[in-house]
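Student: Sequence:
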Amino acid sequence: MGAGHRYGLRHRDDHGLRAATDWDAAAAAEPAPAALFDLDTEAAGPPDDIASALAEFGRQRAALEASDDHARLRLLLAAESAAALIAVEMRTAGLPWDAIEHDRLLTEILGARPAGGGMPVRMQQLADQVRTELRDPTASLDSQPKLLRSLHRIGILADSTSRWELVHYDHAVIEPLIQYKRLARLHAANGWGWLAEWVHDARFRPVYVPAGVVTGRWASSGGGALQIPRQLRPAVRADPGWALVVADVAQLEPRVLAAMSRDSALARAARGQDLYAGIVESGAVPTRAQAKVAILGAMYGATTGDSGRLLPALRRTYPRAMALVDDAARVGEQGGVVSTWLGRTSPTTSAGWRDTQAAAAEPDASGADEAQARRRAADRGRFTRNFVVQGTAAEWALVWLADLRTRLAAMDPVNEDRGAPASGPVFSTRPHLAFFLHDEIIVHTPLARADEVAEAVRDAAASAARLLFGRFPVDFPLDLRISQTAAKD
DNA sequence: GAAATGCGCGCG
DNA sequence: AAAGCGCGCGCATTTC
294 MGAGHRYGLR HRDDHGLRAA TDWDAAAAAE PAPAALFDLD TEAAGPPDDI
344 ASALAEFGRQ RAALEASDDH ARLRLLLAAE SAAALIAVEM RTAGLPWDAI
394 EHDRLLTEIL GARPAGGGMP VRMQQLADQV RTELRDPTAS LDSQPKLLRS
444 LHRIGILADS TSRWELVHYD HAVIEPLIQY KRLARLHAAN GWGWLAEWVH
494 DARFRPVYVP AGVVTGRWAS SGGGALQIPR QLRPAVRADP GWALVVADVA
544 QLEPRVLAAM SRDSALARAA RGQDLYAGIV ESGAVPTRAQ AKVAILGAMY
594 GATTGDSGRL LPALRRTYPR AMALVDDAAR VGEQGGVVST WLGRTSPTTS
644 AGWRDTQAAA AEPDASGADE AQARRRAADR GRFTRNFVVQ GTAAEWALVW
694 LADLRTRLAA MDPVNEDRGA PASGPVFSTR PHLAFFLHDE IIVHTPLARA
744 DEVAEAVRDA AASAARLLFG RFPVDFPLDL RISQTAAKD
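For the first sequence, our numbering begins at 294 and goes up steadily by one.
Hints are computed from structural coordinates only; laboratory data are not their basis.
Mixed in with the good hints there might be a few duds.
Quick list of in silico lysine to any residue cross-link-like pairs, SDA-like style, CA-CA up to 20 Å [stated by the list, open to error]:
#1 781 - 743
#2 474 - 517
#3 585 - 544
#4 439 - 477
#5 439 - 464
#6 781 - 722
#7 474 - 493
#8 781 - 522
#9 585 - 605
#10 474 - 454
#11 585 - 543
#12 474 - 543
#13 781 - 465
#14 439 - 450
#15 439 - 414
#16 585 - 675
#17 474 - 406
#18 781 - 464
#19 474 - 434
#20 474 - 433
#21 474 - 414
#22 439 - 465
#23 585 - 601
#24 474 - 401
#25 474 - 533
#26 474 - 398
Let the sequences and hints guide you as you build the complete structure.
Tutor: Below is the structure:
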């Protein structure tokens, strides 16, 4: 848990405001290792008294004035400030969680829990079956090296025990083994132990870490809030008399790419619910599956396979969008810094990275030195390529969230007698954000406000698009439903 | 015996 | 069928 916090704090120091000023130079001059270890102490944490908070606020205001793009940074700061509040509010309110349903799902999938402890029935059956096929009644299934050796003994000469590799082998052990691994994962990560530790008073209360990811996305620390398996979503259940408004943006990142590159052809493809269908209609690629893999490849930097082969076609049809990501990759490869739409900058190169490049540039550099330098440059290029898109998508989502928070707060509370006490007094009488995951939100709301909330969610999305991209015509359609549970129907 | 590392897999 | 971005977590093993 502590480790997650430290990462979060470290990344938060990388935000765009500081990068846009000369603070970076001052920060870089400080002894870095000491600063890193200081993060474990109170002294290096965020301001915890009025005076230091005001001082930090003053520094931010001054830095903002000194920056050459006030409007965007101001928006980013406002969104981040709101996000910090929302993260704490969401933890306080909690995500309504039906422990009975969770237990029922676990029993259905894993089998009953033996009274005296031990492995659930269905898991145990699968484990027995796997050991039979391995012809080793004591085989260890949870130790990767031992399992790999067991597989080798029966002629499965895989290099790893990953599912994607195992599926290529035709052997009776494969199917039950993959099933076992699936169940073991659910049991270990979100089984009864997780339920007991993380769900209290019908609420799941994870620790959110706003801007915990370098790109500006949120991270979480404890509870695995950002990795709740879809299988368990039926356990997310509104209180009696309340509903969930669940909304996500379809294909947020390519839409953001269309807007920030002002690529009107891609924006045209993004008209309507399914961007990939729009790409097929444009004639760039023949099938929806290819459109998807091509777009992902463009944003992630694919070089081989189907995805890599489709990129030239994408470059012809969407030259502006592709130029934006290709430029970001080139800057990264050359050691430069890229920036999101609102001005969050990517991290600078590490000393190790620069050493590798310098070594390869020496006259006596070996072929291996050069190959390593090329590989690390390409790695960094893929990172910066993705950074601009992932980071700007995170900004869109933050603005959406922040705008929605204001709208929800303005709604009339309902009769307190109908409230949901588990969320505490503040959140028991009005709609409140209950969950956020990159491009998806869940609002917990009194039934009487559900339609109003749905409208607010849509209006907030429209606001976010306008605040970031002005009048540029790109759609951000929501998949929105009002329901008792967060499960997809 | 605690901390770091590798693996595998859940999420976007 | 796979590879190309960003994470957190649990477990087993290795290292200090």
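Student: Within a Cα-Cα threshold of 20 Å, do residue 585 and residue 543 meet the stated pairing?
Tutor: Between residue 585 and residue 543 the Cα gap is close to 12 Å, so the pair holds against 20 Å.
Student: So if I understand the rule, the pair passes when the alpha-carbon distance is 20 Å or less; does residue 474 with residue 433 pass?
Tutor: OK: residue 474 and residue 433 at ~12 Å, within 20 Å.
Student: Does the structure keep residue 585 and residue 675 at a Cα separation of 20 Å or less?
Tutor: Answer holds: residue 585 to residue 675 is near 18 Å, not above 20 Å.
Student: Sort out whether residue 533 lies within 20 Å of residue 474, counting only the CA atoms.
Tutor: Roughly 36 Å between the alpha carbons, so the hint for residue 474 and residue 533 is violated.
Student: Against the 20 Å threshold, does the CA-CA distance of residue 474 and residue 543 hold or violate the hint?
Tutor: violated, 30 Å
Student: Taken at face value, is the distance from the CA of residue 414 to the CA of residue 474 at most 20 Å?
Tutor: holds, 15 Å
Student: Are the Cα positions of residue 439 and residue 414 separated by 20 Å at most?
Tutor: violated, 23 Å
Student: Taking only the CA atoms, is the gap from residue 585 to residue 544 under or equal to 20 Å?
Tutor: Holds, at roughly 10 Å.
Student: With a cut-off of 20 Å on the C-alpha distance, tell me whether residue 474 and residue 398 pass.
Tutor: holds, 17 Å
Student: Would you mind confirming whether the straight-line C-alpha gap from residue 781 to residue 522 stays at or under 20 Å?
Tutor: Holds: residue 781 and residue 522 sit about 13 Å apart, inside 20 Å.
Student: Verify the proposed pairing of residue 781 with residue 743, using a straight-line Cα cut of 20 Å.
Tutor: holds, 18 Å
Student: Does residue 781 pair with residue 465 here, judged by a C-alpha cut-off of 20 Å?
Tutor: Between residue 781 and residue 465 the Cα gap is close to 33 Å, so the pair fails against 20 Å, i.e. violated.
Violated hints, listed in ascending order, are 6, 7, 12, 13, 15, 18 and 25; each of the other numbered hints is respected by the structure.
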